[in-house]
Amino acid sequence: MALKHATPMLDELEKGPWPSFVTDMKRIAARKPMCEDWLGLMEMSYRDMEGHWKHGGIVGVFGYGGGVIGRYCDRPDLFPGVAHFHTVRVNQPASKFYNTEILRRICALWEEKGSGVTNMHGSTGDIILLGTTTDQLEPLFYELTHDLGMDLGGSGSNMRTPEGCLGKARCEWSCLDTQDIIYDITMQYQDALHRPMFPYKFKFKCSGCACDCVAAIARADCSIIGTWRDNIQIDQEAVRAYVGGEFAVHGGAGGEGKRALDMTTEVLERCPTRCMEWDGKNLKIWDEDCTRCMHCIRVMPRALKPGKDTGATVLVGAKAPILEGAQLSSVVIPFLKMEPPYEEFHEFVEKMWDWWMENGKNRERLGELIQRLGLREFLKACELTPDPRMVNTPRYNPYIFYDPETVPGGWEHDAKAYRERHQA
Amino acid sequence: MPFDPNNIMADRITDIGPPKYDSFWPPIVKDNYGKWKYHEILEPGVLVHVSETGAELYSVRVGAARLITVDLIRDICDIADKYCGGYLRWTTRNNVEFLVSDKSKLQPLLDDLRSRGNWFPIGGTGNSITNIVHTQGWAHCHTPAIDASGPVKAVMDDLFEYFGSHKLPAQVRIALACCLNMCGAVHCSDIAILGVHRKPPFIEHERVQNVCEIPLVIASCPTAAIKPKKVGELKSIEINNARCMFCGNCYTMCPALPLANRDGDGIALWVGGKVSNVTSAPMFSKLAVPFIPNEPPRWPTTVKTIRKMVEAYAAGARRYERMGEWINRIGWERFFEKTGIEFSHEHIDDYRLAMTTWRTTTQFKF
Numbered sequence: 068m069a070l071k072h073a074t075p076m077l078d079e080l081e082k083g084p085w086p087s088f089v090t091d092m093k094r095i096a097a098r099k100p101m102c103e104d105w106l107g108l109m110e111m112s113y114r115d116m117e118g119h120w121k122h123g124g125i126v127g128v129f130g131y132g133g134g135v136i137g138r139y140c141d142r143p144d145l146f147p148g149v150a151h152f153h154t155v156r157v158n159q160p161a162s163k164f165y166n167t168e169i170l171r172r173i174c175a176l177w178e179e180k181g182s183g184v185t186n187m188h189g190s191t192g193d194i195i196l197l198g199t200t201t202d203q204l205e206p207l208f209y210e211l212t213h214d215l216g217m218d219l220g221g222s223g224s225n226m227r228t229p230e231g232c233l234g235k236a237r238c239e240w241s242c243l244d245t246q247d248i249i250y251d252i253t254m255q256y257q258d259a260l261h262r263p264m265f266p267y268k269f270k271f272k273c274s275g276c277a278c279d280c281v282a283a284i285a286r287a288d289c290s291i292i293g294t295w296r297d298n299i300q301i302d303q304e305a306v307r308a309y310v311g312g313e314f315a316v317h318g319g320a321g322g323e324g325k326r327a328l329d330m331t332t333e334v335l336e337r338c339p340t341r342c343m344e345w346d347g348k349n350l351k352i353w354d355e356d357c358t359r360c361m362h363c364i365r366v367m368p369r370a371l372k373p374g375k376d377t378g379a380t381v382l383v384g385a386k387a388p389i390l391e392g393a394q395l396s397s398v399v400i401p402f403l404k405m406e407p408p409y410e411e412f413h414e415f416v417e418k419m420w421d422w423w424m425e426n427g428k429n430r431e432r433l434g435e436l437i438q439r440l441g442l443r444e445f446l447k448a449c450e451l452t453p454d455p456r457m458v459n460t461p462r463y464n465p466y467i468f469y470d471p472e473t474v475p476g477g478w479e480h481d482a483k484a485y486r487e488r489h490q491a
Numbered sequence: 580m581p582f583d584p585n586n587i588m589a590d591r592i593t594d595i596g597p598p599k600y601d602s603f604w605p606p607i608v609k610d611n612y613g614k615w616k617y618h619e620i621l622e623p624g625v626l627v628h629v630s631e632t633g634a635e636l637y638s639v640r641v642g643a644a645r646l647i648t649v650d651l652i653r654d655i656c657d658i659a660d661k662y663c664g665g666y667l668r669w670t671t672r673n674n675v676e677f678l679v680s681d682k683s684k685l686q687p688l689l690d691d692l693r694s695r696g697n698w699f700p701i702g703g704t705g706n707s708i709t710n711i712v713h714t715q716g717w718a719h720c721h722t723p724a725i726d727a728s729g730p731v732k733a734v735m736d737d738l739f740e741y742f743g744s745h746k747l748p749a750q751v752r753i754a755l756a757c758c759l760n761m762c763g764a765v766h767c768s769d770i771a772i773l774g775v776h777r778k779p780p781f782i783e784h785e786r787v788q789n790v791c792e793i794p795l796v797i798a799s800c801p802t803a804a805i806k807p808k809k810v811g812e813l814k815s816i817e818i819n820n821a822r823c824m825f826c827g828n829c830y831t832m833c834p835a836l837p838l839a840n841r842d843g844d845g846i847a848l849w850v851g852g853k854v855s856n857v858t859s860a861p862m863f864s865k866l867a868v869p870f871i872p873n874e875p876p877r878w879p880t881t882v883k884t885i886r887k888m889v890e891a892y893a894a895g896a897r898r899y900e901r902m903g904e905w906i907n908r909i910g911w912e913r914f915f916e917k918t919g920i921e922f923s924h925e926h927i928d929d930y931r932l933a934m935t936t937w938r939t940t941t942q943f944k945f
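So the sequence lines, in the order shown, correspond to chains A and B. Residues in the first sequence are numbered consecutively from 68, following this note's numbering. Residues in the second sequence are numbered consecutively from 580, following this note's numbering.
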């Protein structure tokens, strides 16, 4: 059966070897009028080269201040099926493992109560259910919680849905139980996730090692990244096997299969601190000079492993550009053991949030507040001790805000005594 | 009891959070949690993880659109039921990973996936160009300057040979955000595709006082370009257009300030960012091309320019060198020379901290 709207421009996106979202949408549009009108609206955007969605309205489920984003199209006269097309964010299971039973149940729920269109997944990590009407929200939420045992994710000035890499579930490099940490934060702070209480959004992300597969350092207000502080574990026999061409270098990432590793150019010279030596038989790592960048471990995954004294480096303040420009996270806790029940971490989080809620302006991310008031104020509020690992370099301007408490007599002068020593 | 529309508080459950992370782990993951010894990529898209116990988990990675329907998810479930005991996962870059713990099912799975047209391309591992992370675009957002799913499809069609191969010096991560708000956080990508506006908002004076909080609108402008203004009897605002850098933040606060425009909007391309700490520290992406017009449905200029950058990188970078590391080694003057991209006024920063990006040494290349 032909669809209601001709889509000559979108049809061009059915060509080519990459999977086509248009083909996928057309298939479901044959039975879903909402999707039929979505295709029509999308085609109009392609023709106009302008979007056709309005600002979100305030919609949601009772008792929650987030998780649903209202969405209305600006041409309901032409496309009544997408006049209301709200988004529901569903908190994903940490690191996105599923079985087909839960996926089929999500599909059945969304087929019945929405458009059947999703994002797997949104940028923050949620399962995004794209397109439903206000009257469907409460029944959907009821079924989601009662029958699927799932809950909504974050939106607005909430803690956003935390996310971590797959960690020890399928990676030999993970220095953290990333999923347990993410689950703990998610459950500990359900109230902050569902009810807006902050100046703006707040994101947690946890990566098991410095490769940072969830981009924690680039986009999380609080980035938790696995590391170690003892020595890289070396299997010398396996190192020799890499040099002897018995293994696939770099885990086969270079597409060459087994080949001899050129230790000098591929490892020693690419080590950022040049902390390694190779005498043709044994690899020596001067671990006190190592900055744990993971390069050598990635090149020889069967020979090298992170150390055993593992934990987390905690960094804060990353964000995308709006408002004050993009920021990466900065180190504030060089090393934290990060073991259950994570009490030390919770205490840090609560001090950090108290300071941000007390001082942050409307729509000011944590990183921006730290820029405005200074890292010193943040460290003081969180009772953290300054450490050279927190900076790339000490300051090079002389404009130091000395603390009056460190100056004898504080900021007071004895004006009279001064003038007795000096005539005006 | 079933949902009662007349009493939504009856039997209500809230704040249960997501299912616990191990609820959907395949048995092999439960048995080998924390025991993985090493991994290897057997061919593009196919990984094996080997445990200390000797267990082997095969993961087959396939590309997918981010915008997918329940029909496709059900197809994916059928495949996972047949070959994976019903277990699978998604990656952070919108790929699907079929988790195979019975080695005899690996080849039949690969054959099956390859028999299904263009639905399930296998790849995205190692030194490839994996799936593009992206935002909603015209599909579902109110502030986009470009579409998202369309340009992603067009770029991945063109770079398809790099998805299913390992022939690049290192991985290349591409990301797309359809406006400066960057809900896709593309600012640390090897190549970033960014939707930009180039016309300041126009002001619908008759709507402003009804739909906007004027003090919030004024506070929302990072360059303080917005002032209150009375227009006749209407409370409204005025905008100093010369100070507008088209962030769209005021429009987010006030729907009476639209800035989307078919002639003004288009794409800026950024290059050389990275997230990982491997070898070098994380880096922001830097401006490569300030503006390319929107060219739906297949954005040919954007596609061609990205290919030029990828090919220059593939030809010039050393093994393991990410895009940004290659550029830092050869210098930006060489990057523009090798890619043939024009260097213009827009490339020289004139925003806050701009001077930290100017060349304050006589060291450069002719």
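One should not assume that every hint holds.
To be verified - Calculated lysine to aspartate or glutamate pairs in the EDC-like style (CA-CA distance at most 16 Å, straight line): (1) K82/A x D736/B; (2) K348/A x E406/A; (3) K746/B x E323/A; (4) K180/A x D650/B; (5) K778/B x E117/A; (6) K599/B x D421/A; (7) K372/A x E619/B; (8) K93/A x D650/B.
None of these hints come from the bench; they were simulated from the model.
Original post:
Quick one, are K180/A and D650/B close enough, alpha carbons at most 16 Å?
Top reply: holds (15 Å)
**OP:** Compare the distance between the alpha carbons of K746/B and E323/A with 16 Å, and conclude whether the hinted pair is satisfied.
**Re:** holds (9 Å)
Subject >> 16 Å limit on alpha-carbon distance, applied to hinted pair K82/A and D736/B >> reply: Holds. K82/A to D736/B sits at ~9 Å (cutoff 16 Å).
**OP:** Verify the proposed pairing of K778/B with E117/A, using a straight-line Cα cut of 16 Å.
**Re:** holds (13 Å)
**OP:** Sort out whether E406/A lies within 16 Å of K348/A, counting only the CA atoms.
**Re:** violated (38 Å)
Original post:
Quick one, are K599/B and D421/A close enough, alpha carbons at most 16 Å?
Top reply: violated (28 Å)
**OP:** Sort out whether E619/B lies within 16 Å of K372/A, counting only the CA atoms.
**Re:** holds (15 Å)
**OP:** Quickly compare the C-alpha distance for K93/A and D650/B to 16 Å and report which way the hint goes.
**Re:** Holds: K93/A and D650/B sit about 11 Å apart, inside 16 Å.
The structure shown violates the earlier hints numbered 2, 6.
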